[in-house]
Amino acid sequence: MGYLIASYALVFGTTLLYRLHLARERSALQRSLSLSPRG
Amino acid sequence: MNQHWIDRSAEKLRTPSMLLALLLSAAFGASVVQAPIDSVQGVIQKTLYVHVPCAFAAYIGFVITGTCGMLYLWKEEMAFDRLGHAAAEVGILFCTLVLVTGPIWARGTWGKWWSWDPRLSVTVLLWFLYLAYLLLRSFSEGSPRGARFASIYGITGIPVIILNYYAIDLFAGRAIHPDNLEKGSLGAGMGMPFLLGVIAIIAIFFHLLFVRTEVGTLRAREMHDHLSANLGDNEGD
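From first to last, the protein sequence lines are chains A and B. Count the first sequence with our numbering and you get residues 1 to 39, in order. Count the second sequence with our numbering and you get residues 1 to 237, in order.
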């Protein structure tokens with residue numbers, strides 16, 4: 001049962017972390033573009 | 001920069017994250033509670049409900065990369081290149097999850113973490129192939145020459161995906177990995193929880209793909225602005 005929970009936790013955790021990473025990068029890029037003279 | 005239809009669609013089609021988290025929780029819940037326990041392998045067989053959907057997501061990602069490669073070579077639109085790059089990144093994420101959940105399942109069933117079985121070996125090959133693709137992209141981001149080379153590379157990856165899927169049939173007798181689903185390897189009562197798992201993982205795949213595509217477009221816009229500003233400075237000098 002422990003191995004099964006580990007598999008599920010890995011899938012859930014990894015996709016969540018990747019989603020958070022993308023959200024952070026997107027915010028940083030949007031901020032940078034809005035600050036640029038052409039933004 | 002005008003917004004390409006791919007970027008507009010990516011923004012519109014993105015599913016809310018909370019809905020996806022609920023969907024994934026429901027899928028996990030169904031596979032733990034509703035799905036029957038396999039009489040031979042026991043409870044560890046339930047890894048199937050995440051392992052196989054992750055493999056499907058990886059396949060979809062790599063096929064999108066190859067298709068976008070063809071479309072980029074035909075249309076020469078950078079939006080196809082950005083989508084192909086995003087699909088390879090999200091695809092390798094799911095391929096990594098396949099390579100991690102697989103050994104967990106193997107440990108519980110075969111008693112060992114790894115075996116150089118044809119399916120497992122070709123999956124490792126596939127993972128390295130797309131890792132190399134991402135390395136190539138990191139050295140040539142935004143360059144049309146890099147995009148052209150990556151497109152060709154992405155297209156040549158498609159036969160390896162097909163080889164990966166049919167590896168068990170091709171090396172029959174030497175494979176210990178379970179058969180593909182069309183051979184009836186799914187037991188009674190496993191269909192519905194499995195389908196729910198596939199829907200949840202594929203929905204997450206496309207959600208991540210659309211967000212990653214948006215990030216790629218923003219990166220390209222930032223690079224474009226940066227280059228334009230530098231060009232303006234040089235002309236001023």
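It cannot be assumed that every hint is accurate.
Unchecked claim - Partner residues are not named here, just some residues of chain B that face chain A (Cβ under 7 Å, in silico):
#1 G111
#2 K112
#3 E222
Said to hold, decoys possible - Quick partial rundown of chain A residues pointing at chain B, CB under 8 Å, derived from the structure:
#4 A6
#5 V11
#6 T14
#7 T15
#8 L29
#9 Q30
#10 L33
#11 S34
Quick caveat, the hints were computed from the structure, so don't treat them as lab data. C-beta atoms are modelled at their ideal positions from N, C-alpha and C, and glycine is treated no differently.
Identify every previously stated hint that the structure contradicts and give their numbers, smallest first.
Numbers 1, 2 and 11 - these are the hints that the structure violates, sorted from lowest upward.
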